[in-house]
Each structure stands twice: as C-alpha cells, then as structure tokens.
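Visitor: Sequence:
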Amino acid sequence: MIYKFRAILDAEEDIFRDIAIESDNSLEDLHNALINAFGFDGTEVGAFYTCGADWSWHEEDGIPLFDTGDIPGEIKTMAEYRLDDLVHEQNTKLVYVYDLFSMWTFFLELAAIENDKQIGETYPALLFSHGELPAEALQSGFRGDLSEEDMFGEFEDDLDDEDYDMFDGDDSFEDMGFEENWN
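Under the working numbering, the very last position in the sequence shown is 183; numbers go up by exactly one each time.
It is possible that part of the hints are untrue.
[Unchecked claim] Cross-link-like lysine to aspartate or glutamate pairs, in silico, EDC-like; alpha carbons within 20 Å at most: (1) K76 / D99; (2) K93 / E114; (3) K4 / E89; (4) K93 / E59; (5) K93 / E80; (6) K76 / E89.
Calculated from the structure, these hints are not laboratory results.
Produce the entire structure from the sequences given, and follow the hints as far as they go.
Guide: Take a look at the structure:
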C-alpha cells in the first residue's frame, strides 16, 4: 500500500510537502524523505512522536534515529518501526522534529491510502511542494502537550501561610553559622 502524507512545517508561512511512501517502509525512510523534500543537508538527527487527534505528544516518547540508551538495543530506533505499525486509518498523525537543537517541527498527517503503486514511480516520492524553508526554525515554544497554564498544574508543595512565618522578621543569615562553617 502507498501512504500519502502531508508534512507541514510549524512556521508563520504555509510551508508543506506531500510525500508518497510505501506503507512497509521504515520511519527512517520517511525521515530521509522529509530531509530531501525540505532541502536539509542531513547532518542533524531527528525524532518522530506519535500523537493524538489534537496533536498532543510527549517528548519522552520519541522514536530517535539512533539508539541513545545506556544499554545497546534498549531503545527502538526509526529503522525498527514500519510505517504501518504506527500509522493507519485510526491513527493518522505524527510529529517529526529535525535538528533537536533548532527544533524544526513538522506535523505529518496521513492524507490518503492507496492500494496500488503508480507504474514507473519510485518511492518515496515528493508529490507536491509549497513554500520555502525559512533561514531559521520558528521558536514557537510548542513542546508536546505542555502549556504554560498547565505546566505546574499538578504541583502541590503542601505549604500554607503559617509555613512562611519563619521568614518574618530579621532577614540576616548571620546567626545561622554560615561564616564559621564555610569551607
């Protein structure tokens, strides 16, 4: 089967590429297709993230290009995942991040599934290209499902106003013995 993806760059302008790839190809094949389609030099690594219908994803659930675990083989890499293992009619979205320092972020959505290959076509194939890649990645702050509002939402320190009474009065720390105990 042939999967047709639309890869949209997280940017102010509309920048996207449509890519056709065989469903039994690996995530590494899709990674390479994206690098070629957007004109990157391929010297940086990337990672894929599975996500929900609302595009929420978790950075700790990334599928990296290389095994970065402490024990060899501990982390499955892009080469070990087939596209049809992760993407199908019920789960159609992925997030791809290229260059983990610049954070070029792409939203990939499965747009179509075709049963037959086009005669004479080699896959992966760039089907359509719109927009030019900017000089730098957008620093949107989008990092998975964390937002400023809920970043500390579950944090409770169990302190109340009485706990802060110890700071009332003299703010000098001379009586705490820091001078004589300092190394």
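Visitor: With reference to the structure, classify each hint as holding or not holding.
Guide: Cross-check of the supplied hints:
As the CA atoms of K76 and D99 are separated by approximately 19 Å, the hinted pair is consistent with the 20 Å bound. Using a Cα cut-off of 20 Å, the hinted pair K93 and E114 holds, with the two alpha carbons roughly 17 Å apart. Proposed proximity of K4 and E89 is supported: the alpha carbons are some 12 Å apart, at most 20 Å. In summary, the hint linking K93 to E59 is supported, as the alpha carbons are separated by about 15 Å, within the 20 Å threshold.
For a cut-off of 20 Å, the pair hint linking K93 to E80 stands: about 19 Å separates their Cα positions. Taking the CA atoms of K76 and E89, the gap is about 23 Å. The hint is violated against a cut of 20 Å.
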